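Sequences listed follow chains R and Y, in order. Sequential numbering from 1 applies to the first sequence in my numbering. Sequential numbering from 409 applies to the second sequence in my numbering.
Simulated from the structure, these hints should not be mistaken for laboratory data. Keep in mind it's a predicted model, so treat the numbers as computed, not measured. Among the hints, erroneous ones may be present.
As the list claims (entries may be wrong) - So the derived list for chain R, only partly shown, Cβ under 10 Å to chain Y, looks like this:
hint: 1; residue: Q51
hint: 2; residue: S69
hint: 3; residue: T176
hint: 4; residue: G263
Backbone N, C-alpha and C fix where the C-beta goes; we use that ideal spot for every residue, glycine too.
Listed below are the residues making up each chain.
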Amino acid sequence: MGIKSDTSFSLRKIINDKHVRGVVLQAMMLLLVALGLYWLVDNTLVNLDNQGKSLGFNFLQTTAGFQISQTFGTWLFDYEVGKSTYWEVYFIGIANTFLVAILGIIAATVIGFTMGIMRLSNNIVFKSFATTYIEILRNVPLLLQLFFWYFAVLRAMPGKREKFEIIPGVAGLNITGLYLPAPQPQGGFDLVLIAIALSALLVFGVRHYAGKRQDKTGEILPVFWLGVGIMVVIPGLVFLSLGSPLFWELPEFKETGSMLRRGYQPGLGMLIVPEMLAVWLALSLYTAAFIAEIVRGGILAVSKGQTEASYALGIRPNYTLRLVIIPQAMRVIIPPLTSQYLNITKNSSLAVAIAYPELVSVFAGTALNQVGKEIEMIFMMMMVYLTFSLVTAAFMNWYNSKVKLIER
Amino acid sequence: MIKRTILSAAVGIAMFATGANAATTLEAVKAKGFIQCGVSQGLPGFSNADDSGNWTGLDVEMCRAVAAAVFGDGSKVKFSPLSAKQRFTALSSGEVDILSRNTTWTMTRDTQLGLNFAGVNYYDGQGMMVPTALGVKSATELDGANICTNTGTTTELNITDYFRSNNMSFNLIAFEKADEVVAAYDAGRCDVYTTDRSGLAAQRGKLTNPDAHVVLPEIISKEPLGPVVRQGDDQWFNIVRWTLNALINAEEMGITQANAKARLKGTENPAIKRLLGGEGKFGEELGLSNDWALNAITAVGNYGESYERNVGPNTPLKLDRGVNALWSNGGILYAAPIR
Ligand SMILES: N[C@@H](CCC(=O)N[C@@H](CS)C(=O)NCC(=O)O)C(=O)O
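Only chain Y is shown next, with the shape it has when bound in the complex (with noise of 0.2 Å):
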């Protein structure tokens, strides 16, 4: 471990000597033909991989069709498992091209840590898990407990946060990977999982008895959660937030991954066509061709799809829209329009 750690301080060290002052993101993605995204090392639902290396989820997804955008195929990506501590120097050193993995944008992530978040695509929340038989129904209750959870994360800061400001003692035990977190867990190390909620519906599959264990009602946090660039370069920072924008269009005005390319021949509506690229030169602006909001709506569908196929209600996560409905829904989702 110290030695894998040294060596990929050298390496990222090198790298920050060396990498990124060549070429911008977009012309080093295009010379070596994929990109590569950073998930997380088996998040079902958000990313993760099946036993013949295949990766699926909604964090996967995004960098699928940013794939699509730039290459017009949404299988030129190649998956990097990080841990949460790993992923930030992996980012900032070029070892990966986006971060995708569930990570939260906090103000210091934005402006100190030499990243930029391109946007928002889950709203989350952290939230506690206890077993039933603790019988425990608030997190109020919860003075004295130990606590499992994932080292390098925002959880760790608002546990604690949120067990100060309550004058409640506990006892925080943190590993780096989320499987040891859930097993430590499972064999009773700790009265309390703490993580994302979205998290804990994806992890809760993992447990010996996932019947046996309640989330409490209390959200402490705000965790929106979405895809990570370097700092510094202002186009590849425009693609994929203007891919992830693209995608939420698409939902809101009912352009699916089927219907796309029979929507572009079909309408007159300038909306539709300036985001599919039937009017204007959009995709030049970002450096690409002008179809790519097609390719990317194409390869994953609109975001909607792409949430009930990974997340929504119908997977083992079972995550009601709920905030991430569009705004005009009920939701918060809610992007800049493409003119």
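Only chain R is shown next, with the shape it has when bound in the complex (with noise of 0.2 Å):
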């Protein structure tokens, strides 16, 4: 009896402790999930063998039949048409969306951070230019942005056989880019970049023990001017004494032959194509109006006792900004910045729309249309913006651990 009434017990706390309940139906829920999957790709494969395709990447060693406009990725992977494969297609995208996705966050930062101070400035023609600035921009759609750009920027150009020079001989701009001087290391450029390599690391040791030196006696040591001193002459001298083993190839253009011919040469120099420009443009503007925001929020957060109290210890408005607000107000404008910089690299695959060959145009697009894998290739594009959500994602919270306050 006694035994009887304790089993009965022991299973109704069973089914009442929390935990195993929690357990049996998170299994119960795993199993759930795990027949949809099996009926989703049993299904899946059912029926691409009903339409005769089969799943596999073995595509990715055939050669692309197909030129892609020239751009940083096909300069990267030497990209020729007929020899190489849809394995460096996949790359070329990767290659040009990172391209855009980087020199926009970096444009988007500096654009943002000036706008957003602006917009906190007393003078009121900063204030009202950021304010405008940031309504407007963040107000119209992005696509019609970069369309504006684009063709905003294609009609103000001088055509094909004429030039706007920006330094005569050197840089020049026209309808098909802008074209710069192309740097061409020669040999032993090797050990230069050795040198830079070794001068930054010295400067992280000075500046190491500058703050250490700070700490005990509390001088200053002028750590950013000796910085820069290292930086330039360490590695100047050892490029003068190899005897400049840099050479620059400068754009040509020629005004007589066929018409076709004439203009700047393909080929000589380094061309920026007007499609890159305009992403980067739209892009950076765009995301800056929201960056401004978050950095405007972030600093109107930091409590207005922080710079009182500053001002009261003699402490000048520029540093009380830079050393007093600014840290602070980073620790709330980081984790919404993230969030813009993973904004750029996904909006990055608009540029489709104006022919710049990045990721989803030229491997979801281009080659998709030619070998028809669509489940493939989806899934090897998406990692790739996985993959950099999450790098970016891992540097933002490192970042952000970094300048948390730290509670004594």
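Using the hints, put the two chains back together into the complex; each one sits in its own frame.
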């Protein structure tokens, strides 16, 4: 009797046990998800089979039969029609996506911080300029801005057989793009690169030492200027002593010959195509408007008492902003800033609309249309964005943990 | 865009996973009461929507003819504008039932993309357009040119082949939408605009000054354009293929939109009776009613009428019948007989 009541008691106990119940529910959930997944995969395979299609990544070894617009990616991977494979096309897309993403992140940060601070300024002109900028750019869809910049810029440029010279003979501009000198490293240039790396290490050392010294003695070393000095002098001396192992290939402009051959000569100098410029411009200006608001919010979140206390200690406004306000505001700014950085990367895929060959355009577009491997290729594409997002998020988390309030 | 791509990919995968398994296309189409037809995003003469959303064009009428064959009513079609890049995924995922969008029949597309081409409704070839001011007379003078075109097309491949085999260099700038190609070419970003010749004729009107451009004499490829269906549904494939054959046969027999009904009553010619449902059970064999072809013809007219109305010499496109004339008139249009 006693035993019987004991078991029923423990059974009830098990059912009522929150922990056990949780595990059981979760196991059931997992089973359901697994079944659902199995059903999806099975059905997909059956349907693909019905259409005479198969899954597989062999297509990546096939050579691609289409030309890709001359860009960073095609240069980096030496793209050649009929020789390069779809695997290389994938990386060309990745390279082009990352290039605009990274350039966009840099430009948007600089413009965004400037605008955010300007909007808080007491100067009416600055303030209203920043306000207008933010309100307009934030509220017009990015795709429209992209078209605007692309076609506005195209229409404003001199034609293919004309040029606008920025530095005569060295750098110029027309509708086919921006032409700059291309650096051509000669033998021995590796040593210069090594010298740059070593100098950078040295600068870090000096900074560290200066910090220690300031803690001890209160003396402030001119770290910035010391750093600049090191970075210029050491690599500079190495460069000169090796006999300047860097050659600049200049763009060349021809005004005679057949009509099609006039204008900037292909393959000479460095070419930045207008599609790339427009994407970069649009992404940076658009995202900067959001970053500006994030920065403004962050600064406003730092209580006014901090400014007053700082002034009371006799710290000048400039330093108050740099040493007191911004470091505290950063804690508020960083999480939303991270998602803006991720947005830039994702939004760069709009570039397909104006023929910039980034990942979505060249791989999930052109290449997908030739080989028809939707599932594999979209999967590969999503992996890239996922990786980039995770890396960005990890970096920003690390940075966030560095700047967050250290409670003692 | 990325969100849309992922979304459509997800929807696509979901449809791969669930869609087509259930019923045949004909059953599904009958159940929903209309045909979903994939067309271009605006190519006058082939598939183009006016201000109030009415679609017209040769490719549009192909879909209307199939709708008339299935429902007896050519208006039971809904149109999905698709870019070249989106079209095959849209078809194979089940988003559309027919793709009728100046799509070239190639072996890769036929054998590797899980699609079937039901026939050819326009024999085309790729051409190139340049501003007259360039003074170029032949494509062989185009070394070093910047060339604008659409992504996801045969055009991209052909132009690359052409320049490679002629040892000429070029730079290709490929946009997703045709309108941006035209705008960029118009702004002077490219020296050359290349696409199917019919496409050049259709898009010319969108240029600021249409008369300041010439189409070069070279035709650098074969572009048989036609309606496409998913692989694996033979019944639906047959319906589309034979609707097209019926329109071409009708022209050959002199059956028009206006006279079709009268011809059925007034004839003893067995070929005409078979086509229009007066003899045999040809429609039933397709899963349709026996007046399927009569309905298709009364909805859009025979092939020749549809051609003249949309792309012929009296339209802005001014395309001569050329190879698209009947075989009996010096062209290569030759439909298998209905018997
Ligand atoms: N026939 C070629 C090219 C088809 C194509 O996309 N042509 C462009 C230029 S004519 C077009 O239809 N554009 C209209 C649009 O994108 O809506 C193919 O099947 O790949």
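Hints, one by one, checked against the model:
Annotation: Q51(R) was flagged as interfacial toward chain Y, and the flag holds, the nearest CB pair being 3 Å apart, inside 10 Å. Checking S69(R) against chain Y by beta carbon gives a least distance of about 5 Å; that is within 10 Å, so the hint holds. With 10 Å as the threshold, the beta carbon of T176(R) comes within range of chain Y, its nearest partner Cβ sitting at about 6 Å, so the hint holds. Nearest Cβ of chain Y to the Cβ of G263(R): about 9 Å, under the 10 Å cut. The hint holds.
The structure fails none of the hints (numbered hints given earlier).
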